[in-house]
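Enquirer: The chain contents come next:
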Amino acid sequence: MGIKTVKRHGDTLRDKLYIPAIVSGMKTTMRHFVTNIKDNSNLITKSYPEVQPTDITDRYRGVHRLTKREDDSISCVACYMCATACPADCMFIEATERTDGVDEKMPAVFNIDLLECVFCGYCVEACPCDAIRMDTGIFSFVADQRKDFILSKEALLANTRSKDFSDD
Amino acid sequence: MSNIVNIVIDGKEVEAEKGAVLIDYLFKQDIDIPHFCYHPALGTDGNCRMCMVEIEGSKRPQISCDTPVKEGMVVRTQGENIEQVRRDILELELINHPVDCPTCDQAGECKLQDYYMAGGFYESRLEAESKVKAKKAVDLGKNVMLDQERCVLCTRCTRFTDEITHTNELGIFSRADHSVISTFPGQELESDYSMNIVDLCPVGALTSKDFRFNQRVWFLESFEAICSGCSKGCSIHVDHKKEKYKDDQIFRFRPREDHDVNGYFICDDGRLSYKDENDNRLNDASINQETVSTKEALTNIADVLTANPNDTLLLVSPFLSNEELALIKEYTLNNGTTLSGYSPQYYDESFADDMLRTSDRSPNRAGMMALRINENEKDFNELLSQKKVIVVIENSYFEDKAELFKDKKVILFSSKDTKVKEFANTVLPVASFLEKDGSYTNSESVTQHIKSGIRKNAPVGTLTSLWKAIESLSKEKA
Amino acid sequence: METKIVSKRFHIPESYKLEVAKKHGVYGSLEKLFTMTPDEVITAVEKSNLRGKGGGGASCGQKWRYMPLNDPRPAYLIVNADESEPGTFKDREVMDKDPHLLIEGIICSSYAMNIHTAYIYIRGEYKWLADRLNTAIDEAYEAGIIGETLMNGACDFKLDIVVHRGAGAYICGEKSALIESLEGKRGHPRLKPHQKECEWYFGDPATVNNVETIASVPEIVEFGYEAYTKHGTPKSPGTMLFALSGPVKNPGVYELAFGHKMIDVINTLGGGMKDGKKLKAVIPGGVSCPILTADEVNKAVLDYESMWDIGSTLGTGGMVIIDEDACMVEVAKNIIEFYHHESCGQCTPCREGTGWIDTILHKVIHQQGKLSDIDNISDVCGTLNGKTICVFAPAVADIIGSIVVKFRDEFETYILNNQGAEHE
Amino acid sequence: MEFAAVVIIFINILLAVNLAVGTTPIMVWWERRVSGFMQGRSGPNRAHIGGIRLGGLVQSVADMIKLAFKEDFIPAFIKHKMFFIMAPVIMFICSFLTVGVIPFADRLVIDGVTYTMQALPIDLGILWFLAFAGLSVYGIVLGGYASTSKFGILSSIRAIAQVISYEASMGLAIISMLIVYGSVNLSDIAEYQGGLLFGFIPAWGIIMQPLAALIFIVAAFAETNRAPFDLAEGESELVAGYHTEYSAMRFGLFQVSEFAAMSAASALIVTMFFGGYQVPWLNTQALQENINIVLFAMMIILPATIYFFTQWIKKNNTWVDENDPRAKESKILIKIFKGIAIAVVVILALLLLFGLGTNGTNIATAMIQVSTFLLKFFLINFFFVWIRWTLLRFRYDQLQLLGWKVLLPLALLNIVITATYVLVLGA
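Which chain is which? The protein sequence lines are A, B, C and D, in order.
One point on numbering: in the UniProt record's numbering, the residue at position 127 of the first sequence is 127, and numbering is uninterrupted.
One point on numbering: in the UniProt record's numbering, the residue at position 298 of the second sequence is 298, and numbering is uninterrupted.
One point on numbering: in the UniProt record's numbering, the residue at position 153 of the third sequence is 153, and numbering is uninterrupted.
One point on numbering: in the UniProt record's numbering, the residue at position 32 of the fourth sequence is 32, and numbering is uninterrupted.
Calculated directly from the structure, the hints in this document are not laboratory data.
Since the model is a prediction, treat every value here as computed from it, not as a measurement.
It cannot be assumed that every hint is accurate.
[Stated by the list, open to error] Listed next, the in silico DSSO-like pairs over lysine-lysine satisfying Cα-Cα at most 30 Å (straight line):
| hint | chain 1 | residue 1 | chain 2 | residue 2 |
| --- | --- | --- | --- | --- |
| 1 | C | Lys261 | C | Lys299 |
| 2 | B | Lys451 | B | Lys477 |
| 3 | A | Lys153 | B | Lys135 |
| 4 | D | Lys66 | A | Lys46 |
| 5 | B | Lys456 | A | Lys147 |
| 6 | B | Lys111 | B | Lys12 |
| 7 | A | Lys68 | B | Lys133 |
| 8 | A | Lys46 | D | Lys335 |
[As the list claims (entries may be wrong)] Quick look at which bits of chain A chain B covers, simulated, 3 or more residues with Cβ under 8 Å:
| hint | region |
| --- | --- |
| 9 | 72-79 |
| 10 | 93-106 |
Think of the CB as a built atom: it goes at the ideal place given N, C-alpha and C, for glycine as much as any other residue.
Please construct the entire structure, taking both the sequences and the accompanying hints into account.
Expert: Dropping the structure here:
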């Protein structure tokens with residue numbers, strides 16, 4: 001095997017002086033500054049909300065939605081896996097007997113408090129039924145009361161998959 | 001001591017009792033042997049074949065639940081061979097199991113699930129559509145639901161009804177992989193102990209109608225307590241949970257193994273008595289029906305008690321702990337008040353049976369008797385007519401006898417919102433049975449201690465702390 | 001070739017009737033019996049090395065010795081007539097053609113073990129045989145052969161015989177399941193005891209014997225064990241009823257002394273294969289024994305030890321002959337369907353394993369098979385073997401496992417060609 | 001007192017106050033937009049009053065209003081309420097007073113009376129600066145300590161150690177400058193830098209004493225808690241350091257004093273090392289002599305600059321939605337700037353046409369010098385911002401290492417060399 005000696009970086013006088021590195025860094029920032037101030041049309045910043053983003057990818061974790069089965073009924077079986085996985089404790093579920101014969105359990109209440117949600121997507125990973133997804137592409141949610149940020153089961157069911165996303 | 005023999009378990013030499021069931025011995029050694037059908041209360045049945053161990057000298061792996069301990073036995077509970085055998089059998093166990101843990105109440109305390117996760121069968125070799133289908137939600141009658149698909153046919157439930165309750169409601173029907181557990185036609189589960197089969201069931205086939213879908217078990221916290229449903233004082237686990245934004249709430253009682261008191265089981269009434277703890281709570285102190293602070297009520301009570309100590313009757317109840325009773329008893333001795341423990345309303349002859357249930361539906365009458373607190377009816381009635389101040393402490397005797405309060409000053413300590421409140425001059429809420437620590441003596445003179453794990457949002461003081469406050473207030477006045 | 005001991009009256013018309021049978025010497029052994037002590041009878045049976053004919057081949061005398069002596073509890077003899085194995089139909093012949101021989105055997109055995117009640121647990125489907133037995137027993141009662149005394153007072157020994165019809169479960173042929181069933185419970189085999197002991201019927205000692213075994217006892221009593229051990233081989237003395245079924249010219253039950261070559265029996269008594277087809281395989285003793293290929297059949301000798309040597313067992317002696325036309329996949333499917341249906345569902349491996357193999361073979365037959373299915377079947381057979389309470393599951397593992405191993409090529413071809421007649 | 005004196009004193013104080021406080025919104029805006037452009041973002045550009053955004057400057061106004069009207073919240077766990085309240089005030093006053101001694105122009109002579117162009121005409125200029133710059137750390141210490149928060153305490157400790165470390169080097173760097181200038185009066189120092197070195201190089205501090213300049217500038221960064229030495233704030237470790245628990249205008253005061261301190265440091269750096277109010281090669285005398293030429297040059301340069309600026313506005317100051325008032329801003333601004341250009345040209349032309357007189361010449365000179373000073377001042381401030389968005393924050397041990405093991409010996413060495421040079425060659 002033998003031992004490979006890696007030369008320690010930053011030991012030369014030039015490195016120790018700091019000045020050359022600082023100057024080159026300042027050159028870089030200044031170059032950006034000058035370029036952008038000369039012509040600011042190439043800035044990455046969009047003038048939101050007049051200009052809406054067009055580059056939200058399929059992996060973007062937007063506001064949640066509850067999916068439906070083929071017969072248009074709720075997929076969720078109220079297993080609480082999402083609530084268990086949730087690091088923010090923002091999911092409030094109450095289960096009930098399901099009587100339509102599709103399954104035996106479903107949520108009576110399924111609330112997500114968006115103010116507490118950290119959008120980590122663990123609930124989506126945890127769901128064994130693919131019942132909760134974050135593919136709505138909704139990145140902006142506004143309300144003027146705290147209670148309006150609590151999404152109910154109906155609201156979550158009403159959310160749909162973003163049309164911008166590719167069909168996979 | 002010839003009963004003790006030397007055996008070797010996983011290469012370790014140990015001593016064991018000759019003739020004992022090997023699996024019992026392994027449990028005692030904290031060796032976890034997967035098993036479904038074996039249960040110490042129900043004995044060996046040997047049908048699940050999960051508890052296989054290797055025993056040197058025998059050609060094939062043996063089930064440890066049907067192997068008596070013998071001198072010189074060399075047992076292996078680990079190793080590639082035996083684990084492969086367990087995996088094989090577990091795979092068969094799962095081959096027709098719906099694996100619907102998400103909707104199964106047992107998930108989290110399910111043995112099959114544990115073994116499944118440990119074994120890592122994330123893919124079945126049998127396709128889902130080939131699985132044998134059976135009925136999913138069968139109402140077995142009293143308090144129990146059955147899911148025939150999830151059943152592993154360990155027959156613990158049928159053996160419970162056959163051997164423990166002798167009610168024989170359950171049986172196995174059909175053959176091979178179509179075998180299902182069910183009640184006999186036209187029969188329902190009627191036993192007063194039927195919910196024990198929910199605990200016995202190692203999988204989610206039998207679930208409690210009461211607890212069904214209420215909570216996932218891994219959210220629950222638990223502490224050890226006793227049941228206050230009758231003077232048997234069965235040992236229980238109290239499963240409770242303080243949900244976000246909600247108050248601490250009890251979700252279920254589970255029996256706790258206690259060979260001095262109840263063995264492995266409790267009755268259904270006791271099990272469902274947790275509802276009394278959650279419902280109908282008294283939270284606010286009041287003086288003459290007006291809500292006041294605890295402090296004001298305490299001052300008021302101290303005033304009344306110091307004013308007429310000789311004209312005061314304290315009525316305690318067998319729902320109080322030994323410590324509380326002793327405290328009040330000491331108070332009466334020091335202050336000249338009189339004390340009674342008259343509480344005939346807790347007797348219910350129809351409740352008793354020859355298993356666990358007793359006719360006295362209060363947990364601590366034996367403790368009250370040990371403190372020599374008078375329960376005599378005649379004495380009580382005499383005192384009641386003489387005394388002008390009646391202090392009722394957690395005693396429901398006056399629930400339907402409010403007319404006895406005429407011309408009297410009534411002080412009520414209660415954890416329940418009772419009708420007596422309307423006739424009482426001063427009302428003070430106290431912590432309920434499971435919210436306080438204390439010891440209780442059951443009808444068989446076994447004293448058990450509760451250390452409460454419940455944390456309410458707005459804690460109401462325990463009787464002990466409130467009473468001490470009253471005592472010190474009284475002293476200030478004197 | 002045949003040695004007729006049990007079947008000596010089979011050819012006589014109406015031999016099931018008491019007077020006909022009596023004319024031909026039934027109950028002849030009893031006179032000698034009453035002169036013997038019970039212990040002498042057991043010793044004689046022990047020395048004759050009479051083996052259980054129900055499939056296990058355990059020594060009958062030894063089994064009798066397990067009955068506790070001087071026990072205050074009543075003892076029971078239970079005759080296992082729950083003959084439900086495909087390919088086995090010898091007990092039927094005994095009960096059909098010579099029921100009085102069975103009664104005679106019961107008398108001898110009960111006398112030997114001081115038993116006053118004997119049960120004949122008969123398969124539910126054998127309704128007419130149960131009737132025939134009942135008629136015979138009634139005749140025997142009437143004639144005073146059994147009842148308060150034996151042979152009209154020749155011996156002061158009370159004996160009752162009761163015929164009990166099962167509800168048609170194969171597993172009730174297993175002795176402990178049979179007793180459970182007889183006790184009125186679900187027919188689940190019991191856990192095996194840890195030392196050699198007798199069976200327990202409602203907590204009382206009992207012994208369970210096969211019909212043919214019991215029917216062999218009078219011969220030993222009457223002529224002594226020396227006469228019996230003259231037949232057969234030193235280790236497997238005596239005779240056995242062999243049943244031949246399948247595409248042979250003369251299928252049927254033949255009593256043979258042990259030690260004949262299997263191929264000879266098929267070719268002479270069986271008259272050879274029908275339509276000149278070639279022999280492909282034989283399942284030697286009811287379908288629960290490992291299958292023998294044609295080559296093995298040529299080597300096979302009909303006694304317990306020789307059969308064990310070639311990796312099979314003699315079982316009940318019911319030989320199922322399979323000719324070249326038969327598809328082994330379908331044979332296996334047919335057999336597993338039977339086992340799947342008959343598994344009692346008590347032990348996990350058997351309950352789920354039989355169903356699983358059935359499902360796999362169903363898929364194979366319906367042209368959805370994969371080559372990995374063959375290994376899956378072998379795997380399941382491995383799990384079934386030796387991990388259950390009774391020997392039902394090992395029997396499944398034996399027959400299915402041996403078919404899959406010995407005819408693997410055929411399975412592979414079947415799956416790959418995706419052919420085979422549609423089964424629907 | 002004469003009217004002129006009142007006006008001049010008033011102007012001086014106004015300049016000082018504006019430099020200390022009034023520049024804060026501008027600096028905030030400056031910081032945001034410069035950092036934006038450096039990072040390829042645009043920075044604030046939405047807030048507007050009737051469509052006028054002034055490139056985002058209005059956002060700073062909005063922020064100011066917000067801070068002023070926000071609830072003044074003191075957490076319940078704070079025990080030393082007085083210290084808590086005093087801390088931002090101390091810090092603000094110290095930073096604010098520092099600017100007072102900066103000369104904005106040469107001594108102005110009106111009607112034969114000489115006026116010093118300083119808000120606080122004190123002779124001890126540099127010492128005053130050192131005193132108050134050092135004192136202002138008390139604000140941080142008190143604030144952090146009174147916050148009853150571990151972040152605040154940690155921040156206070158860091159701030160103390162940091163200020164002590166760098167105060168030493170800074171003082172020593174100044175000493176070497178004093179040896180050169182021979183005075184502590186900032187007006188004298190600025191005046192000195194009007195001369196030429198070897199006859200052609202402006203005698204600026206930075207040219208005479210580059211090492212001292214470097215040390216001073218680095219130390220000034222540390223003194224003012226600016227990146228890369230903003231360990232007292234250290235968002236990544238300390239949330240916001242000493243002002244974690246502050247809100248509303250108390251927080252605003254901290255913010256203002258930070259920028260005031262920065263302004264003061266900039267002003268001092270300009271005065272000490274970049275010639276103060278001096279226009280290179282044109283000292284006061286030269287300016288006064290050639291005032292007409294200078295004005296004429298300005299008459300050409302200013303409109304030209306404004307022309308290019310309007311071109312830039314036209315190109316870059318746009319808005320996506322044409323119906324929005326903000327879309328019309330460019331046109332308005334261009335008109336205003338054109339108006340300014342015309343007005344300047346007209347005024348300058350009139351001045352040139354009718355002559356200035358002595359007082360007029362002096363006032364014009366002072367105005368040019370004030371403008372020069374402000375230009376330099378803003379450039380140094382830009383440098384501050386530039387450094388902040390380029391360099392990473394130092395680690396704490398690196399900070400101390402740099403202070404004690406590098407800057408301090410260098411400063412001492414510099415003093416020795418300077419002193420030797422001065423001794424050997426004579427003053």
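Enquirer: Which of the stated hints cannot be reconciled with the structure, identified by number in ascending sequence?
Expert: 2
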